[in-house]
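Protein chains in written order, with numbering that gives the first Met the number 0: chain A, 0 to 629; chain B, 0 to 149.
Keep in mind the hints are simulated off the structure, nothing from the lab. Quick reminder that beta carbons are idealized off the backbone N, C-alpha and C, glycines included. Check each hint, because a few of them may be wrong.
[Said to hold, decoys possible] Partial selection, computed: residues in chain B whose CB lies under 10 Å from chain A:
#1 A12
#2 R20
#3 L36
#4 D53
#5 R55
#6 A86
#7 P106
#8 V107
#9 L112
#10 D114
#11 R115
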Amino acid sequence: MRKVFLGFSKRSYILLTVLVVCSVLLSLLSYYYSSSAAHQILELASEDIRSNAKIQAHDLRSMLSNALASVSSNLDILSTSQEVIDPDENGNPLFNIVRTSSAGLSVEYLWLDQNGRILWPERSSNDYTDSISNLLREQFFSFDSERGRDHDDDISPQGDNPFFSNGTLDPLSGKMYSLMAYPVINQSSFALSSPPSNLHTGAVAAAIQFENDTSTKASLLRTQSSDEVKQNIVLVVDKGLVIFESNNNSLIGRPVSQYFKQIEISESVPEAGSDSLTKETLLNISQPTSWDVTFHDQAMSMISEPVYLDGDQVWTLYVLAPHLLTHDVNTFLELQNNFSSITIILIGIVAFVIAMIILFWNKGLEDVVNQRTGDLRNMNSYLIAANEQLKIHDLMQKEFLNIASHEMKTPTQTILLHSNLLSIDPTSGHESIDAITRNAIRLQKLVNEILDITRIESKSLKLTTERLNLNRIVASIIEEYSSLIDSGKLLLKYDAKDGDIHVIGDKARITQVISNLVDNAIKFTKEGFIAINIRIVDGNFALVSITDTGSGIDPKVLPRIFDKFATNSDQGLGLGLYISKNIVEAHSGKTCAHNNNDLSNGCPFNKYHPHMNEGATFSFTLRTDDHIKQ
Amino acid sequence: MVTKRILIIDDEADIASALKRGLEKYGFTVEVNNNPLSMLSSYKSGYYDLLIMDIRMPEMDGFELYQVIRKLDNRTKVCFWTAFEVAYEQLVKRFPIMNEKFFIKKPVTLEDLVDRINRISGDVEGEKDSSSSSSTSHNFSPSASFPTSV
């Protein structure tokens, strides 16, 4: 028998385990695959954003450089033109020409004479012009400290290098501006006189602002916004690390380091120029660089490009490209992942349920097969037993024929021999005639037994019932047998303890039963007594018991003492007890037999068990007349 | 003529008595015993010419008795007779050398029995070939004749 747990066989558990392991492996594989795919998609999306941002940064940087170069070129032309250098000529028409070419930037040109007086613009009375002209004066003119800068007479030219100022916030527009200035130097006078300094005869400058949203021209930074990059944050940072311009107006004028405080650098993109990825390097860009950063918990790509003017880095351009699309893709991929996980779990559950159903079904089949196998085994055992029974029956049949043959031929032989004797000598006397008579009776008895067996086997045993006095029947049997036994050795006793007992039955058959039992007792009892008792038991039954002091019943024969051919005697067919039992049962009674030394009370209905060291007791019951009447 | 002595052992008293009387009428000297054990206790070795024994007897069957007798006396011829159907098969199984001639099936008439006894008297027990019987007989006198009729 295989070991089972919860009704499943070991094989089923192995199958289930393999299934579970396969499911888990497939789930892991699937999860790994989708994670890997998601990561790759994320990478591709990020790369897309990053490259768009790079293109945007590159384009913007080019445009800014070009615009600054254009302004620088204008100033160079102005500062070296004769109309501006010679105070006697009118330079205003030139300024009128250059003011129109702003190249995407809002540029306000300024021209101061050698005393710091504003020559251009002609209408100079506004705060912006004042502030930029002051800025220019600070760079190119010295003041008499005692008289103050309000007195133009005390201003003298100073400094002769072009410069590009850091950004200054214009309170009116809220925009930053820078001043790009060139001194106006008369080369001819420079050649003739000294000293070499303070030789400029004035200065030209351009105040550079990014155009305002409200202006007719769109901001340079915003004109670049396409759908792919419009969410990007663009910063133009000046050398003072102040945000000069941004597409987010609220950032303008703020120190970039303050703004970048929240930035965490995730990693540099492979082509990044810098090895040390710190915020310092972030603020000191000298070549195009890109980073992946986290800003306010948002993954971004940060592209930075320096903006050069005549070899000097004047601005730094930053493009912050949030991975917003990536975020969507990520969300989508997470959904996809969750869906995959749920699908895998569902498939796992379904597989498990199906496996369990199959296992239960299998177990059911196994149970049925086991049951059928058990049935077949039982059937087989039954057939083997039946076969054994048939063999025994066959053997018994042979034995019966053998014994029947012996039992018939023995009296026949006796009759034959005595007949021969009589024929040889008819005067040989009564002895032969008696012997012939005895053996003829013996033959008749044998024939009757065989006939009874035939009737019992064919269920045609018929009873002629009448009301009987059991005591009288027993008395007559006692009388009959007393004459046949050696009364010196064997005593036949009869005790009617409960007086006359009447039963309804077949007189001849009941007489036959008691005679058989007495006959049987006599056969095995050489000396002592044979006692017949009749009692009322359980109210409605007559118990007839025949107790002897004989050799008892062989324990091997006892279990089948009432079966056919069960005998230990050398005489008779072994049918007497079988016939007796069947007659009793035909009267609705029971029979039993036990040895008197049997302490286990082998006869359940005979409570008057005579405990003796020798002999046996045969008992049977018959329903009393009273019971039948009721 | 020497009277042949025959011992009959059969638990059926009626048969034994009839045989004794019948065979005596044919001139044999016959002794009868109904019990194998009492017969053994009074057995006279070499005294009898022939033993006729029943097979089914109380306390000791014919085969057992034969084995005991052969230990006491290996000269006397022994003949079985029985009413059993299968007794001869059992006999041959236990004593393969036994000749069928020494096995008599009941019932048999007195005349046939005497005839069988006479034929047995000329044979040597255990030899199935009757032609060799006269030359090899040493236990039972071949010249001894049994009367077949009165």
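Hints and how they fare:
1. Because the smallest distance between the Cβ of A12(B) and any Cβ of chain A comes to about 9 Å, under 10 Å, the interface hint for this residue holds.
2. With a least beta-carbon distance of about 6 Å to chain A, the hint placing R20(B) at the interface is held under the 10 Å criterion.
3. At its closest, the beta carbon of L36(B) sits 14 Å from a beta carbon of chain A; the interface hint therefore is violated under the 10 Å criterion.
4. Because the beta carbon of D53(B) sits about 9 Å from the nearest beta carbon in chain A, less than 10 Å, this interface hint is met.
5. Hint status for R55(B) relative to chain A: holds, with the closest Cβ pair at about 6 Å, below 10 Å.
6. For the restraint placing A86(B) at the interface with chain A, the shortest Cβ-Cβ distance is roughly 8 Å, inside the 10 Å limit, so the hint holds.
7. The interface hint given for P106(B) is met, as the beta carbon of that residue sits about 4 Å from the closest beta carbon of chain A, less than 10 Å.
8. For the restraint placing V107(B) at the interface with chain A, the shortest Cβ-Cβ distance is roughly 7 Å, inside the 10 Å limit, so the hint holds.
9. Given the 10 Å rule on beta carbons, the hint for L112(B) holds: about 8 Å separates it from the nearest Cβ of chain A.
10. Because the closest C-beta pair between D114(B) and chain A is about 13 Å apart, greater than 10 Å, the hint is violated.
11. A hinted interface residue such as R115(B) counts as satisfied when its beta carbon comes closer than 10 Å to some beta carbon of chain A; here the least separation is about 14 Å, so the hint is violated.
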